[in-house]
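Participant: The task is to assemble the complex, starting from two chains supplied on their own in separate frames and drawing on the hints.
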Amino acid sequence: MLKGKVVLVTGASRGIGAEIAKQLGKQGAIVIVNYLQNQCAANEVVKDIEQNGGTAVAIQADVIDSDQVEQMVHMIVDNFMGIDVVVNNALPHYTFNPRTRKPAWEIKWQDYQTQIQGNLGGAYNVTHAVLPYMTQQQEGRIINIVTNLIDFPIVPYHDYTTAKSALLGFSRNMAAELGAFGIKVNCVAPGLTAHTDSSQDTPENVRESIIGLTPLKRLTHPQDIAGAVLFLASSWSSFITGQCIYVDGGLTMK
Amino acid sequence: MQFNHFAVPDGIAFSSFEERIIEDHGATLSLRSPCLSSEDIVQLMQTIRENRQKIKDYRTDQLIQIIDAAIQKWLDPNYPLRQFAEKWVPIITGYDKNMVRLELKQFLRLFRKKELLRFIQQEFPSISVLDEFYPQSNGGWSRAYGPEFIFHIFSGNVPGLPIWSLVMGILLKSANFGKTPTGEPLMAILFAQSLREVNVDVANTLAILPWKGGNQELEAPLYQGSDTVIAYGSNETVEQIRKQIPSSTRFLHYGYKISFAMVGREALRQDLYRDTLRRLRDDMTIYDQQACLSPHLVFIEAGGNVSPRMLAQQLSSELQQYALIRTRAKLSPEESQAIRSLRNEYEFKAMTNPNVAVYQSEIGTEWTVIYHKDLSFQPSPLNRTIHVVQCEHLEESIPAILPFREYLQTVGIATHPTRLMHLSGILGEQGVTRICAIGSMNRSVPGWHHDGRFNLIDLVRWVDLEGSAEALAEQYDLDVE
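Chains as they are written, first to last, in the working numbering: chain A, 1 to 254; chain B, 1001 to 1481.
Please keep in mind that the hints were generated in silico from the structure rather than gathered at the bench. Do not rely on the hints blindly, as some may be mistaken.
Covered by chain B, according to a simulated footprint, are these stretches of chain A (three or more residues, beta-carbon under 8 angstroms) [what the hints assert, rightly or not]:
#1 132 to 141
#2 180 to 189
Simulated DEER-style distance windows between Cβ atoms [said to hold, decoys possible]:
#3 B:1403 x A:75: 41 to 47 angstroms
#4 A:43 x B:1344: 53 to 59 angstroms
#5 B:1347 x A:70: 24 to 30 angstroms
#6 B:1102 x A:243: 38 to 44 angstroms
#7 A:70 x B:1307: 18 to 24 angstroms
#8 A:223 x B:1275: 53 to 59 angstroms
#9 B:1102 x A:156: 53 to 59 angstroms
#10 B:1182 x A:243: 30 to 36 angstroms
#11 A:55 x B:1102: 47 to 53 angstroms
#12 A:66 x B:1403: 45 to 51 angstroms
#13 A:223 x B:1363: 33 to 39 angstroms
The beta-carbon is built from N, C-alpha and C at its ideal position, and this holds for glycine as well.
Excised from the complex, chain B in its bound form (with noise of 0.2 angstroms):
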């Protein structure tokens, strides 16, 4: 089966082609992508940017039901293009079939229409500011300018992940380029199809394509001409791109972060600890702890009815018996060797030292779980891995995260009401930016801060009609008295 990977607009050709082979169980997938060269690019961005002026009077809740219309038909589990993600995802990825069956439902959820109404009523007056200047209460109008032009760099360790970025792209009228990885290289193209089969105005106004990254000739056209760039990746990743970027652009960019999760004791009554360890092993589990969400350690409170210890035990049990419900996706051999290498170094401190513990799969690097007695912080070479710190209270944990203040992101969090709004406190002073419950540390909210910052408010460039002006303007009607 041949896949062409690649999104472009209408009256774009290209001379030749690479193809990449997917095979699994006989049946094989050819992606098939085009052979660029920095004139491509440059006529890719003439283009979408030319299409850009279709769109731009385009009302931004016509733009929604557009979007809704391609998300709806995701929704439906014989949608062709459904049953080619479920199918192929997990294939490329590694990723366990039913768990990226259930994410990319889940996930797809959030760009239905009342989600994305919800997403720009959190940081916009109205909706319309999209589209025409909004009176202020101070007196004056202010309107909000998208980018014309935004150059995404997509990471492949979520799938799906790249919808997020184009559909704040879309909302914001601007053309948009977009890098898929090679990890993940469906998702944003099957997007951009259901797209241009509800309107082809908006899909003319995207390019996505697949080339390894770092090609000079390629990027740089991208680098000048875009006025924003979203980047996704690793720091290094990011790093690299910042140096390539001109000062006067606009520079979003999502790196490495840290997660954990703590819990309390609070959380480990008798007849609520199961639940607990189950919410846990959610949060460790989706997409391998891929996802910049998840955790790297849990803080478990001394003092509850099952102590750290025997809940690093059955945390151990719980994951031994997931490997067989959804396997995890298998590691590059740098990926299990840090696994290995951390279990080494346990193991062998744990020979001497009773305060360490480590519990794992017995054949391959499936799970493991380290257990600390004394309080620490590391961050885990995730694939289900995790550290377990026992601490006396959550709060004596906050000492141990400060060294890792600026990556940190979400806590996922189980304690009492009064604890929660006091930790919370502490937390968002050292840096963490989202606090949400175990067990959903996975799934942000529409119209969450990412990384502690707006979403299309960083975008948008604003413009203010001052009320000087329209005082001025009366001035000229020849009819006013």
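Only chain A is shown next, with the shape it has when bound in the complex (with noise of 0.2 angstroms):
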């Protein structure tokens, strides 16, 4: 279903993004594994897809520099003949610590601003970066992470869920205009993921009362969202656009 695709996952070297872009590369997508900082990892990620099989390249572009997206897309589109698929996943850096997070009588509204331009800024200047291609296209997926604490915010990590509640928001007035090129937006809304870096500071009694209120009775896992992912990614959703996948067992129903 994705064979050929070209696939760019932002923030790739590691956790969520690493098990998407290694699940795009087992179904025959072209994939590139942008990553910011951790070189050794993302060429790990392109070893593992090209050991699967699979076709990969490592690029690294900061998300926030509209500069270095630019020159990103450009090289893709340059070699591959064209970009299908976007998932945005790159987030700045974050820890899911409900002890050490900022209570809303201390949080800055600089810390408003670095989620917002990181989660934000970042799906806004890669969008952009690929619109003309993807408008030239006829065609095109772009597929935003975000969390399931929009919704349900079981902690209140303020900074980082306003950001991706923006986040939504853009995917979806996104989506009401590039829906007539024929450009699919839509979002995929993880839980609170096992084994990512992220995720690791989340104290065990936390982890046990989510997984107590859900249905599944367990923490979300990458490979759950990767499948998101590739639905929306292949044509099984050619006709959705606009939505929000909650990938948490059942922990938000909407």
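Facilitator: Here it is as structure tokens:
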């Protein structure tokens, strides 16, 4: 279904991004593994994809720098004759620790700005860079990774969740206007994801309480998220746009 | 199911028939038509000519009532002939079923009483001028006589179009002989059947039959014996016919025409451009551009909120979605080839020229949009294929259309009121005969001047009864002092 599709995954050297990249590679996509700093990890992801018979390439670019993003997209199109799918997964560094998070009375406007710039600004830069190519192709998928905390802020990570809410609003507006060009924009909203660097500081009791409330009785795994991304990247979802798929075992029901 | 694929007056019988079988998903329709000889044609001509004597004395408003009554039947969704047409016209023509259903409904409404009255009023001072002498303001009287005998050669590109021609002939009290096309063979005959259900006298002045065009034996008596010939079709068809018609015969023909659209930057406002797109899509999808009213090309002005290139891209997307809702008709190999050659030509150009882009359906030839940044004008092979041409100002596109002057017909236009008048003036000067809103290109209004001409006036012969005769007559009235 994704054979030969050119897919860019931002922030793909680790965690959820890396898993999405690997799963896309397994399905035959040509995967661009974007990373910010960790070249070794990005190369590992590429190697993993290649070992499974796929095609991948790692490209460094900071998604909040529009020039770097332009350059990256230009390089992709130059080499692969187009770009079919973008997964905006990169996010600024964040630690999901309920004990060290900033409460409402301490959080600074600067904290919000950092998260908004990283999450929304990054997605904005990438979207704008690929737009001329996708409109020309009359086809394209943009998948933005948000969070289920938007609907159920079980732990109020103010800055992070607000920025992700903005990204959801951004996605819906883009979907409304870009549908006319055959471009679909959707979101995937994971729950607390096990085995990622960002979530390692989430204490056990919080994990347990989330699991207790979750109908499927476990935390989200990166593979679960990759599954939803594969669906939204494929033609199985060709008439779906402006949607948000919650991948949290039923914790959030909309 | 067998369908008698001919409409002839009472008392006519044929000895042998041929059948054209049409099959679709297990349903079979056999179109049964007579094997014709020149004797048959001559006999039919003579019969409808004689039968015409009966309707000569019908008043025009009676004829309008009869046509209206036949049309009213078609406005009932349960009318068996309508159901028959809705089933088989799409199968035979390949046009989308729902498109045929909607367009036929809309088209037939043009022949209701109120539309016919307006149609006549557009051309004559009074409806009674077709029935009796009508006083002229400068003294004297005039009366319009329709042709005694009209031979109609219909074309099959737009379902139901022959009805237009037949209705004109009936309103003018003519005997009407029609040759149906193979492309859409049903509607003229079905309409004749409806007329028969309403009034036998009128039905007996009609003979509508199919045969393969160019059959000298059958056509010669018709060319020789008609006082008016109306032909629809390609330029070649029209030229072929012209050669065979005596110079004294009135010959009306509706051949190849080119229509196009113009979109000003004011129609590309953020809040309006979606509507503009939908209208353009409608203009180029109704009957897959087979009507001469459909656009081959659209000029789009730069400087609006949406660029011409983006509009071309969005039009492509509209066409892609529309193709899933209303399938395009199946094309002949020649038609597909014409689209493929055009695509190849421009794909090749686009490789080195960024001012050209080709947007097209992925698999077949369902739709094609060719974007040109540089001003140009060229016809399209149609069947949902269109050129989108960028221009800085709509006015500057005029030189590009000049070489096509003799073929120009409709222009669909979306622009500011003051520019509309100005542009219409220029377009009229360059040979365009109809200017309408985009989105309405395929829907001409009752009483329009088809190809810049009158409809009924071009067919009638005027007789003037001058004031002198009237004054002189007074003298012979013994009672006048």
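Participant: Please check whether residue 1403 (chain B) and residue 75 (chain A) have a Cβ separation lying inside 41 to 47 angstroms.
Facilitator: Given a distance of about 45 angstroms, which is inside 41 to 47 angstroms, the answer is holds.
Participant: Between residue 1182 (chain B) and residue 243 (chain A), does the beta-carbon spacing fit 30 to 36 angstroms?
Facilitator: Between residue 1182 (chain B) and residue 243 (chain A), where Cβ atoms are some 49 angstroms apart, the hint is violated.
Participant: Per the coverage rule (Cβ-Cβ under 8 angstroms, at least three residues), is the stretch 132 to 141 of chain A covered by chain B?
Facilitator: Coverage by chain B holds here, the residue count being 3 at a Cβ distance below 8 angstroms.
Participant: Could one say that the CB atoms of residue 55 (chain A) and residue 1102 (chain B) fall in the range 47 to 53 angstroms?
Facilitator: holds (49 angstroms)
Participant: Residue 70 (chain A) and residue 1307 (chain B), beta-carbon distance inside 18 to 24 angstroms?
Facilitator: For residue 1307 (chain B) against residue 70 (chain A), whose Cβ atoms are near 20 angstroms apart, the range 18 to 24 angstroms holds.
Participant: Holds or violated: 53 to 59 angstroms for the Cβ distance of residue 223 (chain A) and residue 1275 (chain B)?
Facilitator: violated (45 angstroms)
Participant: Quick check: does the Cβ-Cβ distance between residue 223 (chain A) and residue 1363 (chain B) fall within 33 to 39 angstroms?
Facilitator: Since the Cβ atoms of residue 223 (chain A) and residue 1363 (chain B) sit about 34 angstroms apart, the hinted range of 33 to 39 angstroms holds.
Participant: Are three or more residues of the stretch 180 to 189 of chain A within 8 angstroms, CB to CB, of chain B?
Facilitator: holds (count 3)
Participant: I want to verify a distance hint. Is the separation of the beta carbons of residue 1102 (chain B) and residue 243 (chain A) within 38 to 44 angstroms?
Facilitator: With Cβ atoms ~32 angstroms apart, the hint is violated.
Participant: CB of residue 1347 (chain B) to CB of residue 70 (chain A), is that within 24 to 30 angstroms?
Facilitator: Holds - the Cβ-Cβ distance for residue 1347 (chain B) and residue 70 (chain A), about 27 angstroms, lies within 24 to 30 angstroms.
Participant: With 45 to 51 angstroms as the target window, see if residue 66 (chain A) and residue 1403 (chain B) comply at their CB atoms.
Facilitator: holds (47 angstroms)
Participant: For the range 53 to 59 angstroms, tell me whether the beta carbons of residue 43 (chain A) and residue 1344 (chain B) fit it or not.
Facilitator: Since the Cβ atoms of residue 43 (chain A) and residue 1344 (chain B) sit about 43 angstroms apart, the hinted range of 53 to 59 angstroms is violated.
Checked against the numbered hints above, the structure violates hints 4, 6, 8 and 10; every other hint is satisfied.
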